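Participant: In case you want the letters, here they are:
2 protein chains.
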Amino acid sequence: MKIKGIEHIGIAVNSLAEDAPFWKHILGLDHSGTETVESEKVSTDIYNTGKGKIELLEAMNEDSTIAKYIEKRGQGIHHICFEVEDIHETIAELKEKNITVIYDKPKVGAEGFLVTFIHPKSTGGVLVELAQRQS
Amino acid sequence: MKIKGIEHIGIAVNSLAEDAPFWKHILGLDHSGTETVESEKVSTDIYNTGKGKIELLEAMNEDSTIAKYIEKRGQGIHHICFEVEDIHETIAELKEKNITVIYDKPKVGAEGFLVTFIHPKSTGGVLVELAQRQS
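Protein chains in written order, with our numbering: chain S, 16 to 150; chain C, 16 to 150.
If you are wondering where the hints come from, they were derived from the structure by calculation, not from laboratory data.
Some clues are possibly wrong.
A pair counts as met if it fits within one copy or between any two copies, since identical chains are not told apart.
Stated by the list, open to error - DSSO-like, lysine-lysine: derived pairs with alpha carbons at most 27 Å apart:
(1) Lys-66 x Lys-87
(2) Lys-122 x Lys-112
(3) Lys-120 x Lys-39
(4) Lys-19 x Lys-136
(5) Lys-112 x Lys-66
(6) Lys-83 x Lys-112
(7) Lys-87 x Lys-17
(8) Lys-66 x Lys-110
(9) Lys-19 x Lys-120
(10) Lys-39 x Lys-112
(11) Lys-136 x Lys-83
As the structure is a prediction and not an experimental result, all values here were calculated from the model.
Chain S extracted, bound-state conformation (with noise of 0.2 Å):
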């Protein structure tokens, strides 16, 4: 697998609207867009730091990853994202490895991206998401 550096990092807020500021205003990093992933039932408030972005994450409805995130661990760090060259050619990799890879066959994430997870179980407690750019 080829792996191009980290991508994002995804934080679990509980408002775009009341925890954005810090990130927009104190840190004073590049907001460079905000969308809806309804695979993942969050809205997303993306911002560029110069290497990497920071992706704030507010769940759509309390169905989502994130409503039950937030519930049992608080606002926080959700998960890291590294960016792949072939994300099939990971998940087969990952999968011969015995990783425990949350979606066989990736898909479609924020910015387009087609992605995965490794469960947690599999890393030492940490969510890597694996997220292919298409062209």
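Once you have looked at the hints, place chain C on chain S.
Facilitator: Structure of chain C alone, referenced to chain S:
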């Protein structure tokens, strides 16, 4: 303040020996160093991803903030670190904006960076490190 990008993501692990293989052998990240940071009472394994680093953090003793973090929350993502151009200017600016900075005077962190942290109560639950590279 001028943020230059995500410098690293700090991950609290029980044991570098047991937990590093996922990052090194499964993801295939490039191991760039191992060091102890006395000021934080941690041993750290550092991996370059191509864009930002992963720092695995193992407590040197039970007084380490990493030991306390794992006891409370389990293994997982501990903090995000942004590289800044000027740490002293950044600290002054944050204090002026009533943001809770943990070290008023920067300490020397891993790889010789000058660092401080923003308390999670000021960020929406995320421990944010800020680091200036020393030339």
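Participant: Each hint should be assessed against the structure and marked as holding or not.
Facilitator: Here is how each hint holds up against the structure:
When the C-alpha separation of Lys-66 and Lys-87 is checked against a cutoff of 27 Å, the pair qualifies neither within a copy, at 30 Å, nor between copies, at 31 Å. Within a single copy, Lys-122 and Lys-112 get their C-alpha atoms as close as 21 Å, which meets the 27 Å cut-off; across copies the closest is 41 Å, which misses it. Taking the shortest alpha-carbon separations for Lys-120 and Lys-39, only the inter-copy value of 25 Å comes in at or below 27 Å, while the best intra-copy value is 34 Å. Within a single copy, Lys-19 and Lys-136 get their C-alpha atoms as close as 23 Å, which meets the 27 Å cut-off; across copies the closest is 32 Å, which misses it.
Proximity of Lys-112 to Lys-66 under the C-alpha cut-off of 27 Å is restricted to the inter-copy arrangement: shortest distance 25 Å between copies versus 30 Å within a copy. Proximity of Lys-83 and Lys-112 under a CA criterion of 27 Å is satisfied in neither setting, with 29 Å inside one chain copy and 32 Å between copies. Taking CA atoms no more than 27 Å apart as the test, Lys-87 paired with Lys-17 passes in neither setting, with 33 Å inside one copy and 34 Å between copies. For a Cα distance limit of 27 Å, the shortest separation of Lys-66 from Lys-110 across copies, 25 Å, qualifies, whereas the shortest one inside one copy, 30 Å, does not.
Proximity of Lys-19 and Lys-120 under a CA criterion of 27 Å is satisfied intra-copy only: 20 Å inside one chain copy versus 35 Å between copies. Taking identical chains as interchangeable, the C-alpha atoms of Lys-39 and Lys-112 lie at most 27 Å apart only when they sit on different chains, with a minimum of 14 Å there against 40 Å within one chain. In this homomeric assembly, Lys-136 and Lys-83 come within 27 Å of each other (Cα to Cα) both inside a single copy, at 18 Å, and across copies, at 21 Å.
Comparing the model with each numbered hint stated earlier shows that hints 1, 6, 7 do not hold.
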